[in-house]
Structures are given as structure tokens and as C-alpha cells.
Amino acid sequence: MLAKFVLNISGSEYELRDDDLKNWDEIQCSYKRAGFDGVVRSFTSQFEFVNQACRLLISAYLAKGVNASARVSVLTLDNNWTYVRRFECPLDFSTVSWESGVFKINCVDNTLASLIKAKKSTKYEFAVGKDIAVREILHFDRVQMTENLVYGLTAGEPFGNTADLKVTLRHKKHIWVGNKGSEIVVGGVVDWLDDQDEDAASYLFETCRDVDVTVDYSVTYREDFGNATIVLGVSVMRNGETVPGPYGADSGNGGSIGTVGNRGWTFIGSFPSETSLNDYSAPRAGLWAKIGDTVWVSRQKPGYTGSGTPDYEWASSGSSEDDYFRKTRNGKITLSLLKGDRVFISAYPNYNGDVAVRICESSFAFSWKARGSVADINILRPSAVAEALLRRIAGVPVKVTVSDFDWRLASTYLLAAESARGLGSAKLYTSFAEFCDWMSAVFGYVYYIGEPVDGVDTVCFVHRSELFESDRVRKLAYCDGIKYNVDSSTIYSTINAGYDKQDYENINGRDEFNFTNTYTTGCTVSDKALSLKSKYRADCYGLEFAVQKRGEETTDNESDQDVFFVLCKRAGTDVLVDRSDKVEGTLSDTVFNGAFNPMACIRANAGYIGIQERGMTLAFASSTGNSDVCINGEPISSDIEIKSQIATSGIVEFSTDETDFDGNVGDEIEITDGGITYRGYIKEVSVKYARAEAAKYKLFVREVVQ
51 MLAKFVLNIS GSEYELRDDD LKNWDEIQCS YKRAGFDGVV RSFTSQFEFV
101 NQACRLLISA YLAKGVNASA RVSVLTLDNN WTYVRRFECP LDFSTVSWES
151 GVFKINCVDN TLASLIKAKK STKYEFAVGK DIAVREILHF DRVQMTENLV
201 YGLTAGEPFG NTADLKVTLR HKKHIWVGNK GSEIVVGGVV DWLDDQDEDA
251 ASYLFETCRD VDVTVDYSVT YREDFGNATI VLGVSVMRNG ETVPGPYGAD
301 SGNGGSIGTV GNRGWTFIGS FPSETSLNDY SAPRAGLWAK IGDTVWVSRQ
351 KPGYTGSGTP DYEWASSGSS EDDYFRKTRN GKITLSLLKG DRVFISAYPN
401 YNGDVAVRIC ESSFAFSWKA RGSVADINIL RPSAVAEALL RRIAGVPVKV
451 TVSDFDWRLA STYLLAAESA RGLGSAKLYT SFAEFCDWMS AVFGYVYYIG
501 EPVDGVDTVC FVHRSELFES DRVRKLAYCD GIKYNVDSST IYSTINAGYD
551 KQDYENINGR DEFNFTNTYT TGCTVSDKAL SLKSKYRADC YGLEFAVQKR
601 GEETTDNESD QDVFFVLCKR AGTDVLVDRS DKVEGTLSDT VFNGAFNPMA
651 CIRANAGYIG IQERGMTLAF ASSTGNSDVC INGEPISSDI EIKSQIATSG
701 IVEFSTDETD FDGNVGDEIE ITDGGITYRG YIKEVSVKYA RAEAAKYKLF
751 VREVVQ
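Its first residue numbered 51, the sequence shown is counted upward by one per residue in my numbering.
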């Protein structure tokens, strides 16, 4: 025969003779690529050893049991009549059985590949700094947060069954203002009180540092109730004296905006402005009446020229009493405050006594920016995390290499949520499947088992396109049974890219853009969705919130097991967050990880997505994040053109009598049939080296030329 099999037992080689294998004709070598990822090689049959080979293997098993070591190599003659090793695989002694002089055993092609397949979904726990070495420290300069305090006119007497309040300003007293909520996550900017009471020295908050504060105000009131005029404003007490207003520009419909002496910024006028006479007397200025559910008002008759006494008439307003008299004043101002300033709501009557008005709703929302102090976080290189995972899976060291195809990987670091929280015994929780999904979704990388280096197994991560490009083309001249078909598993109507949405208990969370984008492909023949999502998190606000938990010792929060990753840069010897990508449309200009946005995930996998159609456009459908963001001038809600294609959705199958396949699955294969040329990459090859039987091929088709 043109092939020979060599049995290696504990380093000693024995060439199998014709009578050492009972099932020569059944032995088949298969090379299979798992989808559009790396390559898995395997024998597809069981060995049945007899005679001398049987005796040698039984001795090895009796000596060491399932820990015995043996492997089978397949060698064939090349054109120079030299034996070349085509295939090699270890035998699995946990599958041993024998009877009547026949020793049966299965093989495992590439032990590491089988171990990964069995354990890749197992989540492991690693002690940061012990199980995985820490080589760098991230000096995290934090994300600027928006904080706020919301107050309102909360003290008063109710109006019947409504939520309206009769709010009274007592003579020579402050108006009562109560706190309605707060979102303060960093702290240290203001020292605030629950209520501003009627005492003349009362206030809402005092500043702890110089800060610009924005005031969004909205007051809804009823004009048909009130006994005089109240003027409301925001006032600032500085060094014991009230600072004159105004403090900024109004942007709402606050009506006549101005100051009252040195009393501050005025944003609400008089209550009421209508004369409250509900009768049907002769019409004159200011009267109103209710007929049924409609308000009628007294107005000047048409044609009045401005001279003499105007005539009035009754006219329907077309509105109900509630709609007609319900008014809102709102707007926005900015206060430039110094450390120690005290802010309060000022109220002044135009009447020498108590003044009462009817308030339906009121809100004075004060907001400002706050930024925490720098936090040092242990960070990990992706290759170190992968090697730690594979060491757990294989039980021995495994070398990991990462292609430099994507420039971002060299500056990307992983970190445990517990490290962000500053826990001294921080743990990283992850599985190899999660790591691979991250590499695939974010960078378009997949792995394959490389050749051992100095006896150490190697796992290589490369961009998927690197597996589908070759300078070497193998033309197979003699092919039979050529069959072409479409692989429907590569056709999708929807693409989901990015990261799982996180639920934050803070207004800043609505600013996050690194969640999931959904796109449609325009395909109408399939309803399948392709998910390009990473369990590892790129949300900068999530990392900020984790750091804010420093000092809390509890670790029962589910997010404590999350893994973050950050694009970094170096400033001298320091590792800092990289903010070189221009991110617009956010509350803060200190956000980061723009390079990992969902659009970038799509583009990293463009050639893979493009398998189903050459030159396609993904139409933006929705986002679970902030879809108003622009990254480097491009809206995150943009449609995306896919121009690259690592292969097509076609599969071609055939047989050939050229059985000298050397195991190089990276070659491009070319065959021609009936004037049609097919070019593609190996999906599967099956060869029976011990028989003069055709090899069977399946190819991912790159192109078909007629």
C-alpha cells in the first residue's frame, strides 16, 4: 500500500503490518472546519488492533491504565517516493475494550481541541494577581457624572379631590420648598437640605466647590384662584449678602423675566391675571363666565380703532375651565456659583400680607457635573486571560498567540468588576466560550489549534478573514459527483451587534451607547437573526458605577462577576483610558470606548456578514442604547454598507482520486466542471489512506466563474 501507519507507545515507534489492524478498510481521516472558524481534525472511526499491536497496547494499558500514552501517525508517499506524515492523533485509553484478541480503542485528534470542546462553556474563577499575573495598572480618571436635586412647592392645602395645592406665602417669611428627589452618585459638590422652610435664613443647598449649576424649572398654576401677586425666583446668598440677578439666559416661556431689586432671577409672574367673576353681568374687561363646561370671556368688539371707550362682548374660549386657566411657566437658567454660596427659592408679594396661589405642579431641578478622584485598577492582557483559561481546561500550560490584524487588540485590556470595585481579593469569572464570543463579536477573531512550540500546545487567534485568504491555489483536475447547494444557515434577516443592555439606577445610564444595535439585511427568505454580542462589557458608565462602589465589602451583586474591557493608551509609564475617538451627543465629554461601539462590531465582522450577499446595506432598525450619539462624526444610527465577503453562501461537494492531501486547509481549492469554475476553501475532507478510494471534499465557495 502507498500509506503506512506508525504506532508510537511512550516514545517507542512500531510500524503496523498488514495483519496488525483488523479494520484497515474502515480507517478514515477527516479534516473538518467548524463553521467559518478554525479547523478541527479527527478520525471518524475506531481502531481494531490485533496480533503484535494488540499485545503492545494491552501491556501499555495494564501498566498505566487510562493514563497510558500512545498515538497513531499516517504517512504516505509523495512524488519523490518519500514518506510524508499526513496525520497524527493520540489514542484515548478511556475507550478501551478487547475480546478474542481484538483491542478496540478510539482516537482523539488533537487532545486540546477535544478538551476545549468539552469544557469551553465552564465558567472558571481566577484570583487576579495570583492565577493571572497583573502586568499593568489602569489609572482610571473617571467619567464626569450629571448629578441633580429636584425641589418643588410641596406645602399647602389640597383643592378637593385634585392634586392641586393652595400654596401660601406668609408675610415676611420664606416660601416652603421641599425635596422631591436626588441623584448624587459622586458627591462632594453640594451640601443639601431636605426642605427650605419659612425661616429667613433657610436655603436649599450650599456649594462645597466652585461649580456651574443649571436650573430647569416648571411651574403649572391656575389663574382663576389667588388674592394677589407672587414673584418667584432663584436667589444666591454669598458672604451673607444676596447676589443680584440675573444669573443666566432664560430658554423657556417664562413670560416677563427680570429681577426684583437684588432679589435674584425672577421666572414666575402674577397670580391670577384674570378677574374671578363668575356671572353674566354686562361684559367689561377681565370678566369670564362658565356656560356648561365651557369658559366664555369678555372681549373687545371687532372694529375698535383705539379711540374712545371700547365696547365688549361675550365670546366662547372653546376651552374647559381647567384648560383655560391652567398655565405653565418653564425655562432654564445657569448659576455660576462659588464655594460657600447658598441657593434658595425667593418669593415676594405685591401685597402687604399673606398671599395664596393655586399650584398644580412644580419642579425646580438643579443639576451639575461631578467627577470622582482617580482610581487605580488591575488590568489584564487578553492573551493572559486566554492562557489562564486554557491552563484550567487542559491542566497544562498552553501558549496563546494573537494576530496583529486589528490594531485595537494591542491596546485593549480586560478587568474584573471586583477589581474595579477595589476588592483586595478580586476574582475574574469567565469561560473560554465567553472569551471567544468577545473576540469574535468585537474584533472578528476566531481561534485554531496551532503546532506545538517546544512541546507546548498553541492556540492561535486570528481575524476570520485571515483563514480565508491564500496565495497558494490547488487545482484538482479529476473530480466527480460535483454538487452545488446554498447553505441557508448563513442567511439572516436581522443582525444584532454589541452588548447586553444594563439597567442603571441613574439618569447617566441613559447616556450609554455601547449596548445593542439591530439592523435588517433586506432578506425576505429567512427570519433568522445573527447575534454578534459580547458578554464582556464596554459600557463606560458601567465601569464608573462599579468604581463608585469602592468601600462596599459585599459581593452578592450579580454584576460583580462581570468582565469589562477598555481601550487604553500610554502616557509615559502610566496606562490611561484612550479617548481619542470623538464621541458626541452624550451628557459628558469624558466617555470612552468609542472604538468598540456596535458599528465597529459590524465592521469587524463585515466579511462574515457579507457571505449571504455581495454588496449589501444593513439598515439601522433600533438601539437599546443612546442612539443620538455620533462617533467620529458618524451617527450610531447610520446604515452600514457591507462591501467585503470572505466567501459566499454556496457549498460545493465532490470526489477526487487525488488523495495526497497534506492537511493544509488554508489553501484555496479550484475545480472545473462543465465550463464552470469553482474556487473556495475547505469545509471538510475525508480520506481513506489505506484504500485506493476517492477523497471526498466539501468547500466553502468563494466564487463561481462561468
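Hints listed in this document are in silico derivations from the structure and should not be mistaken for laboratory results. Some hints here could point you the wrong way.
[Stated by the list, open to error] In silico lysine to aspartate or glutamate, EDC-like type, Cα no more than 16 Å apart, as pairs:
(1) Lys389 to Glu233
(2) Lys351 to Asp361
(3) Lys619 to Asp191
(4) Lys419 to Glu233
It should be emphasised that the depicted structure is a prediction, and the values quoted were computed from it without experimental measurement.
Verification of the supplied hints:
1. Lys389 to Glu233: violated (20 Å)
2. Lys351 to Asp361: holds (6 Å)
3. Lys619 to Asp191: holds (13 Å)
4. Lys419 to Glu233: Roughly 12 Å separates the two Cα atoms, so the pair holds.
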